[in-house]
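Number of protein chains: 4
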Amino acid sequence: MLSPSEQSPADGGFRHRLHTIIFEADTPAGKAFDVALLWAIVFSIIAVMLESVAAMREQYGSVLRAVEWFFTALFTVEYVLRIIAVRRPFLYMRSFFGLVDLLAILPTLLSILIPGAQSLLVVRVLRLLRIFRVLKLAHLLGQAEILITALRASRPKITVFLGTVLTIVVITGALMYVIEGGNNGFDSIPRAMYWAIVTVTTVGFGDITPKTMLGQFVASVLMVMGYGIIAVPTGIVSVELAAATRHAVDTRACLGCGVQGHDLDASHCKYCGHSL
Amino acid sequence: MLSPSEQSPADGGFRHRLHTIIFEADTPAGKAFDVALLWAIVFSIIAVMLESVAAMREQYGSVLRAVEWFFTALFTVEYVLRIIAVRRPFLYMRSFFGLVDLLAILPTLLSILIPGAQSLLVVRVLRLLRIFRVLKLAHLLGQAEILITALRASRPKITVFLGTVLTIVVITGALMYVIEGGNNGFDSIPRAMYWAIVTVTTVGFGDITPKTMLGQFVASVLMVMGYGIIAVPTGIVSVELAAATRHAVDTRACLGCGVQGHDLDASHCKYCGHSL
Amino acid sequence: MLSPSEQSPADGGFRHRLHTIIFEADTPAGKAFDVALLWAIVFSIIAVMLESVAAMREQYGSVLRAVEWFFTALFTVEYVLRIIAVRRPFLYMRSFFGLVDLLAILPTLLSILIPGAQSLLVVRVLRLLRIFRVLKLAHLLGQAEILITALRASRPKITVFLGTVLTIVVITGALMYVIEGGNNGFDSIPRAMYWAIVTVTTVGFGDITPKTMLGQFVASVLMVMGYGIIAVPTGIVSVELAAATRHAVDTRACLGCGVQGHDLDASHCKYCGHSL
Amino acid sequence: MLSPSEQSPADGGFRHRLHTIIFEADTPAGKAFDVALLWAIVFSIIAVMLESVAAMREQYGSVLRAVEWFFTALFTVEYVLRIIAVRRPFLYMRSFFGLVDLLAILPTLLSILIPGAQSLLVVRVLRLLRIFRVLKLAHLLGQAEILITALRASRPKITVFLGTVLTIVVITGALMYVIEGGNNGFDSIPRAMYWAIVTVTTVGFGDITPKTMLGQFVASVLMVMGYGIIAVPTGIVSVELAAATRHAVDTRACLGCGVQGHDLDASHCKYCGHSL
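Protein chains in written order, with the working numbering: chain F, 401 to 676; chain B, 401 to 676; chain U, 401 to 676; chain R, 401 to 676.
Because the hints were derived from the structure by calculation, they are not lab data.
Treat the hints with care, since some could be wrong.
As the list claims (entries may be wrong) - With a straight-line cut-off of 25 Å between C-alpha atoms, the simulated DSS-like cross-links for lysine-lysine are:
{"no.": "1", "chain 1": "R", "residue 1": "K431", "chain 2": "U", "residue 2": "K611"}
{"no.": "2", "chain 1": "B", "residue 1": "K431", "chain 2": "F", "residue 2": "K611"}
{"no.": "3", "chain 1": "F", "residue 1": "K611", "chain 2": "R", "residue 2": "K431"}
{"no.": "4", "chain 1": "U", "residue 1": "K611", "chain 2": "B", "residue 2": "K611"}
Stated by the list, open to error - Far from chain R by the CB rule (all over 12 Å, computed), these chain U residues:
{"no.": "5", "residue": "L418"}
{"no.": "6", "residue": "T420"}
{"no.": "7", "residue": "G430"}
{"no.": "8", "residue": "A432"}
{"no.": "9", "residue": "R465"}
{"no.": "10", "residue": "V477"}
{"no.": "11", "residue": "V480"}
{"no.": "12", "residue": "R488"}
{"no.": "13", "residue": "E545"}
{"no.": "14", "residue": "I546"}
{"no.": "15", "residue": "F605"}
{"no.": "16", "residue": "K611"}
Note that the Cβ used here is the ideal one computed from N, Cα and C, for glycine as well.
Take the sequences, apply the hints, and build the full model.
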C-alpha cells in the first residue's frame, strides 16, 4: 500500500504516464498491463511447480530454465520501472508489495552468484502474492471488504476461542503422552499435541492413533468436543457476517444529521429521529 | 432447457400429444411416463454399477449385458421420440439434456462397432443427470430455487474465499516441499499442494503425512486455519440463505409505518396494526 | 406411542394404578419407576458391551451371563406388566416401543432354545432405544421439539441437497474408477463411490487413496467442493432453527382473534391488527 | 473464585498491599505482577514440553532441570504469598484456582521424596490453567461472557443432540461389530463404537476401516448422517450467539411504538423517530 503523496503524479510527463499504466487500472493501457501481469504471474508459478516434479525436470529441464529466465527478466524490468515510476522509491521498496516484488526475482538472480542456493528457488512461489496487487481490477473488492470487516469484528471472540482450543490441546496432549507413551507414537508432549490438533480439527491423518482402551476413550471425548467446538467459530462468523452485510447494504444518509449506516428496515434516523 | 418456441405444441395432433407426454408432467400420461423413466434410469445405473464389480461380472455377466441392451434400446426409442416430438430437433440435440440423452445410449451402441471401447462404458453413468429432467415432477423445485438463489448471491464472496484458500494451499505446499522433501512423500510442489488441500479441508487421508517436527508444526497451523476457514463459507451461505428465504417469504411494506419483513400469512402490520 | 383410549384408566383399581406407575411420570411412584428403569437399561447395555470384549468374556464370563439373565428377567416382568396395564394389549405390542421392549428380551430367551444364536445377542443393544421412552421425564422435550420442527422444515431443502451430493458421488466414483483402476484400490464403481463419500464428507479414512496425478487432482476438486458443500446443510438448519426458536419463544394469544405464534417484537396481531 | 469478604483488605497495611498486587490488576504493580506471572507460566510450560522430547532431555537435561526448579521455587513463593495475602487461607486453598496453584508445584516438590514419581511430572502441564486467572487483565472478558451465555443457552438443545449422536454411535457400533467382526479390527462393541465416533465426527483416522461391501455401505450412511448432523450444533450455536449478541447490545423499548432491538448507539427509534 502506497501513501497518497507517493501515488500523486510525477512532474515529468513520462513518469506520470508510467505511474498511470503500472499502478492504476482506470485507463485501457493500465488495464492491459494488469491483465498481462496476471497471466505472467500465473504462468511463472506453473513453471515453478512443474520444475519441482522430477520427471518434468529431467525431460524439459532446459525449457523450464529458459521460461524461468524469461519471466525473471520480465519481472526485473517491471521492478525497475516501478522504482522509476514512484516519487519515493525507498518507500515503495520497503512496502509489503515492494518486498514481494523483490522476492519474486531475487532467488533466480542469486542462483548465478551462489550455485548451491537451490532451495531458495521455492521462494519464487511468493510471486503468487503479487496477484493480490492486480485484484484492484476486480469488483470483488467490496465483497472482500465485507468478509474482512466480519472477520475483524470476530477477532476478540476468535481469540478467546483459539485460547480455549489451545488449552484443550495442551492438556489432552500431555494426558495422551502419559496414557499411550512412546511405543504407540506419542513419544513426546509436542508430538502428542500435534496428534491432539489433528484430532480436534477433525482432520484425522491416522499416522498416530491411540491403541489402548483408555486412550481411545480420551480420543472419543476429544473428537466429540472438536465436533461441537467447530460450531463456535462458524456461529461467530455467521453472526458478524450478517451484521456486516446488513450494515453494508444500506447507504442512505440522514437528511437531518447526515449520518450513514442505517439498517435496511429503518424509517427514521436512529441518532436524531429525522425521517429517512 | 428448451426455448418456449420449441415447447409450443406441434400442429399435428400426434406430435402435440407426444410432446405433452414426454416433456410435460401435468397430464396422467405425462406423469406416468416420468415415473417410468425415473425407475428405468435408476435400474440402468444400478446395472452399470454391478457390472463394474468383478465377482458380479463373472457370475451374472450375460444377464447384466442383456439388461444393458434392454435399457439402451429403451433409451434409444425415447431419444428418437423426443426428436420427433420437438419442433426444432437440432436445437434439442444441442441442448444440455439433449447431449446427456445421447451420451446415455452412445457408449453401448459404439461398443458394437469398436470392440475395445470398454472404458467408454463408464460414460453411461451420466444417465444419472437425466434424473434432474424428471425433477420437474417434484414440489422440490421451489426449494432448489431458494438454494440456488442463495448460492448465486454468495458467489462473489465464495470466489474471494476460494482465492484465499488457493493462495494458502500454494504457499503451504511449497513450504512443505522444502521442509519435508521427497523422502517423506512430499516429492513435488503439486503433490505437496494435494496434501495441503487434503489437510486444509480437514479430510486428512493420511497417505502423506509430515514426519519432521517443523513440518508437523506447519501442518498444525494449517489445520487450525482450515478449522477456522471452514466457518467462512458456512457463514456466507447462512446469511444469503436467510436473505433468500426472507425474500421468498414476503416483500410487502406496511402502509402505516413502512416497516418490511412481514410473514407471508400476515394481513396486518405487527408493529402498528395497520392493514397490509 | 399409545392412543388416548388405551391410556385411559382401566375400571379395576389395580390396572389403573399399574398404568399410572409404568406409563406416567407425574406421581412419585411413577417417577421412581422411570429412574429405576433408566439405570437398568444403562447397566444392561454396559454388560452387553463388556461381554463383547474377549478379555472380559474370558475372565468374568459367568458373572456377565448372570447379570444378563437378571436384567432379562427384570425386563420380561416389566413387559408382562405393561401388557396387563394397558387396555388393548395387541395395540401396545404392535407399537414401536412395544416391539423394542420385546426385542430387548427375545434374544436372551431364544438363546436357550437355539444354542447357536450368538450373533442375535447384539440385538439387545436396541434396549438403548427404550431410554427415549423414559425421556418424557425430562424438561428436554420442548427443546427436542424445536430441533425436530427445524429439521422437518429443512426436509425439502435437505432432500435437494442430498440428491446433489449423491449425483456428485456417483459421477466422481465412476470417474475415479476409470482413472485409478483396480490396482490402486478403486476396483469397482460401488467401492469408488464409497471412497467419494469418505472424501466429500471430509472423513478421509485413507484406506483407499488416489495414486495418480490426475486422480489426486480430481480428489482435490472433490475435497474443495465437499468443503463448500458442508456449508449448505448448516446454513439450512441455522435459518430454520432461527425461525423455529423465534416462533417457539412467544406464547401470547391475540385478544382480538385468539391466534398464537406471534413474533417476539410484534405489538399488534398480524392477523386482525388488534393490539397485543 | 474468592468470596467478597475474603477479598476485602486486611487490616494490616502489608497484607492489604500484597493482596492488591497479587489479586488485583488495577494498579501498575498489580499489572506488572500479572504480566510477569503470564510469562513465567508460558516459559515453564515450554520447559515441561521440551523435557518430554527424548533428544532434548539427553542433551539439555541438566539445564531443563535447573529451569524447572527455578520456576517451582518461584511458584512456591507465589503460593505462600497468596496464602498470606488472603484473609481466609483455607477457603483459597480449597478453591479451584487454589488447587491448580498447588498442583503446579506439588509434582516437582514430591519428586525429591518419591524418586519414581516421574509420570506425575506431566501434571505440571495444568499450570496452563493458571493463565485464565491472569485473563482478568484482558478486555476479552466481555466477549468470553457472550460466548458462555450462548453456549449455556444452547445446553438443553446440545444435550438432546449429544444423546441422539450417542444412540447412533451405540447402535452403529453394535451393527458393525456383527457385520465386520474381529478380523477387520472391529473386535468388540466398545472398539466398534470408537470407530463409529471417529467416523460420525468426520475425523476418520483410518486405523480401523470396514472391509466388507455391507460394512462400507453402513459406513457410508453413517458418514452422510454425520455430515448432516454437524449442521445441528452449528445452527444451535449460531442462533444462540445471535441472540446473546443482540441482547448484549440493547434491551430498550421505544416509548412511541414499543419496538425493541435498537442499536447501542441509537438515541431515537428507527421505526417511528421517537426519542429513546
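A quick look at each hint next to the structure:
no. : hint              : in the structure
1   : K431(R) / K611(U) : violated, 57 Å
2   : K431(B) / K611(F) : violated, 57 Å
3   : K611(F) / K431(R) : violated, 46 Å
4   : K611(U) / K611(B) : holds, 20 Å
5   : L418              : holds, 28 Å
6   : T420              : holds, 26 Å
7   : G430              : holds, 22 Å
8   : A432              : holds, 22 Å
9   : R465              : holds, 16 Å
10  : V477              : holds, 24 Å
11  : V480              : holds, 26 Å
12  : R488              : holds, 29 Å
13  : E545              : violated, 10 Å
14  : I546              : violated, 7 Å
15  : F605              : violated, 4 Å
16  : K611              : holds, 16 Å
Going through the hint list in order, the structure does not satisfy hints 1, 2, 3, 13, 14, 15.
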